[in-house]
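Chains as they are written, first to last, in this note's numbering: chain A, 944 to 1334; chain B, -4 to 242.
There could be a bad hint or two in this list.
[What the hints assert, rightly or not] Taking lysine-lysine and the DSSO-like style, the derived pairs with C-alpha atoms no more than 27 Å apart in a straight line are: (1) B:K51 - B:K67; (2) B:K51 - A:K1206; (3) B:K51 - A:K1058.
[Stated by the list, open to error] Sample of chain B residues with no beta-carbon within 10 Å of chain A, all distances over it, derived: (4) D15; (5) L40; (6) V74; (7) Q77; (8) L109; (9) F112; (10) L182; (11) D192.
[Stated by the list, open to error] Far from chain B, some chain A residues (derived; all Cβ distances over 10 Å): (12) I997; (13) A1035; (14) A1081; (15) A1088; (16) Q1150; (17) F1159; (18) R1184; (19) M1196; (20) N1199; (21) M1208; (22) A1237; (23) I1319.
To be clear, the hints were calculated from the coordinates, so they are not data collected in a lab. Positions of the beta carbon are idealized from the N, C-alpha and C atoms, including for glycine.
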Amino acid sequence: MRRSHRGLTQHPLATADSGTAREFLVHESDGRLRLSGDWVMAHASELAAALDGIPRGRSQRLVLDATGLQSIDLGGALLLDRRLRALAEGGARVEWQGERPPQLEVVAETRKGAKPEPQAVEEGFDLAEPVRTIGRWAVERGEEALTTLSFFGAVCVVIARALTHPRHLRIAALTRHVQETGLQAIPIVSLIAFLISVIVAYMGAQQLRKFGAEIFVVDLVTVGVLREMAVLLTAIIVAGRSGSAFAAEIGVMKLNEEVDALKAMGVDPVEVLVLPRVLGLVIALPLLTVLADAVGLAGGGLLCFWLLDIPFAQYLSRMQEAIAPTTFWVGIVKTPVFAFLIAFVGTLRGMQVRGSSRELGRLTTVAVVQAIFLVILADALFAMLFLELDL
Amino acid sequence: MRGLVNRFGTQVVHDGLDMDVYEGEIFGVVGGSGSGKSVLLRSILGLQRPVRGTVKLEGRDITALDAAELRKVKQRYGVTFQHGALFTSLTVLQNVQLPMTEYLRLSEADLDELARFRLAQVGLPADAGAKYPAQLSGGMIKRAALARALALDPRLLFLDEPTAGLDPIAAAAFDALLTELQKGLGLTVVMTTHDLDTIFRTCNRVGVIVDRHMVSDTLAGIVGQEHPWIRRYFHGPRARAASASRG
């Protein structure tokens, strides 16, 4: 298209109107249609309305006069062209008195060059479609299970290799992850543990008051905190915090081709990226949970003192009657399992990121949701197990 | 490389592609968008498993090696990626040192000295070493990536679109650097590129991916090829300008 665009200057959008009513299309007394004003995108809706007002009649003769036109851009020209074509198809003849705006040429040229859109095939409702969807879903779930299993295998191999050849243990990365997942989580974990035990103690006190059995709040809090609440809540917080962090960190590295660079150098990304995170969390989570236990017990004691006037000494002695060493261990033994699940899901989803930032967002969310779900599921299974073992 | 076949679903990207690269030359891989230049490179590097085909490096079939042997082979070549793929959580110096710490036992001082030497080799100022990739300009990122690729003194380099996104001055400088290094170190370079200036300035031989196969020839020969796409590529207005400016 060798057309010069000098004739296509557009009027600035914020224009002082030329006083008179914004008549874009005037039906003159001699039958002419006079175009006036600024036929620009900013006035698109008014232009369309004006064009709709052109009377239709078979084999009519339309005379258009564009000499009074202030300005016209390609959007305005397109609307005009569309309407004129429709009228021409209806049998009307279009003539121009005076010069025809060159923008119409540009529109016509562009239309010629545009490839037609492939007709979307109308699919009728197919009884087989729901079945196909189920089938596709099943196949995808199967593939996903296979991917998860193979990743699990890779992680186990790397763990075994690191344990037998400590050279493969990236200590620097490991300590960094213990710091990030453990140390830096101390404030939030302590706060939550404190609050949750206060809440439970309060609720318990309300109920036990009716029986004059307030002292048993101590049992409720201490056993509850040590066996379940501190453990589960700490794991859930860490799942949200570190599960998303792992998925996002590794996901960004995938998008940036850093993981490919590692592979191209002969470095195993699972060894360098996944292992330090998994081991780091397995070390950090039990320690965090011990802290949460302590803070939770303290919180319960504080509430019993404030609300129930139970002196701390009495709280301690009641606690010693209520709990046994197993109460503590039953809680702690779950933590390495939770840690492994969280780190595994987080790193797996991170490794699956490819293509776009939307994938990154989606998989990070999936990582957190699945980590939390798996933690709670594992907790339920442990509960059943301990029930069987009478612990 | 012989008989490479790469397929994604129903889309066949390479259908029995053959490629030969000789020692000491700069070999340019050229092809239209979507012709599979990067896929080709990834097939060589082991990042993409081809449906069929063999790839031999220095006579050994790398598709048949086990993990430990493959690791040894990977030390013998360096790779740069289109966007640098520098490790964003490490400084430039640490990036360059990563291959060294992975495969060699060196003292801190030696590592630092070697890494700084690599930076100097690619023309990066000494203070670039302490910067993080996010703080570098595009040209510096490419050079840092090259420094990392050269860390273990490889004889073979794979470069994926090395001058993509660089302004003409930086691209020309990179071309000059590459030719200089090739002469000085006797490197063999395989690079994928769109950049006609780079092709005319640096490449000894060129392989064009057309119709899912490769047509290779010397630079002079490829320009004379009959295939319509190749003719358009090397005789279009930009190509003529590039070849003219080569002088």
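Status of each hint after checking the structure:
1. A distance of roughly 14 Å separates the Cα atoms of K51 (chain B) and K67 (chain B); the hinted pair therefore holds under the 27 Å criterion.
2. Note on K51 (chain B) and K1206 (chain A): the hinted pairing holds, with a Cα-Cα distance of about 18 Å set against a maximum of 27 Å.
3. For a cut-off of 27 Å, the pair hint linking K51 (chain B) to K1058 (chain A) is broken: about 45 Å separates their Cα positions.
4. D15 (chain B), annotated as away from the interface, keeps every beta carbon of chain A farther than 10 Å; the closest lies near 22 Å.
5. Residue placement check: L40 (chain B) does not keep its beta carbon more than 10 Å from all beta carbons of chain A (closest about 5 Å).
6. For V74 (chain B), the shortest C-beta to C-beta distance to chain A comes to about 4 Å, within the 10 Å cut-off, and the non-interface label is violated.
7. Under the 10 Å C-beta cut-off, the non-interface status given to Q77 (chain B) relative to chain A is violated; the minimum distance is some 8 Å.
8. Against the 10 Å criterion, L109 (chain B) stays outside the reach of chain A, whose nearest CB is about 16 Å from its own CB.
9. Once the 10 Å rule is applied to beta carbons, F112 (chain B) is consistent with being away from chain A; the minimum gap is 19 Å.
10. Under the 10 Å C-beta cut-off, the non-interface status given to L182 (chain B) relative to chain A holds; the minimum distance is some 17 Å.
11. The non-interface label for D192 (chain B) is consistent with chain A: the shortest C-beta to C-beta separation is roughly 25 Å, beyond 10 Å.
12. Residue placement check: I997 (chain A) keeps its beta carbon more than 10 Å from all beta carbons of chain B (closest about 46 Å).
13. At the 10 Å boundary, the C-beta of A1035 (chain A) stays outside the reach of chain B, the nearest C-beta of that chain being 45 Å off.
14. Distance to chain B confirms A1081 (chain A) as a non-interface residue, since its nearest Cβ pair spans about 19 Å, more than 10 Å.
15. Chain B leaves A1088 (chain A) outside its interface by the beta-carbon criterion, the shortest separation being 21 Å against a cut-off of 10 Å.
16. In this structure Q1150 (chain A) is separated from chain B by more than 10 Å, as the shortest Cβ-Cβ distance comes to about 51 Å.
17. With a least beta-carbon separation of about 52 Å from chain B, F1159 (chain A) lies farther than 10 Å from that chain, consistent with its non-interface assignment.
18. Every CB of chain B is more than 10 Å from the CB of R1184 (chain A) (nearest about 19 Å), matching its label as outside the interface.
19. With 10 Å as the threshold on Cβ separation, the claim that M1196 (chain A) sits away from chain B is violated: the shortest Cβ distance comes to roughly 8 Å.
20. Remark: the non-interface label on N1199 (chain A) conflicts with the geometry, its nearest Cβ contact in chain B lying 6 Å away (cut-off 10 Å).
21. Not every C-beta of chain B lies more than 10 Å from that of M1208 (chain A), the closest at about 5 Å, which undercuts listing it as non-interface.
22. Listed as a non-interface residue, A1237 (chain A) keeps its Cβ farther than 10 Å from every Cβ of chain B; the least gap is roughly 34 Å.
23. The claim that I1319 (chain A) is not at the interface with chain B holds, since no C-beta of that chain comes within 10 Å of its own (minimum 32 Å).
Hint check: violations occur at hints 3, 5, 6, 7, 19, 20, 21; the rest are consistent with the structure.
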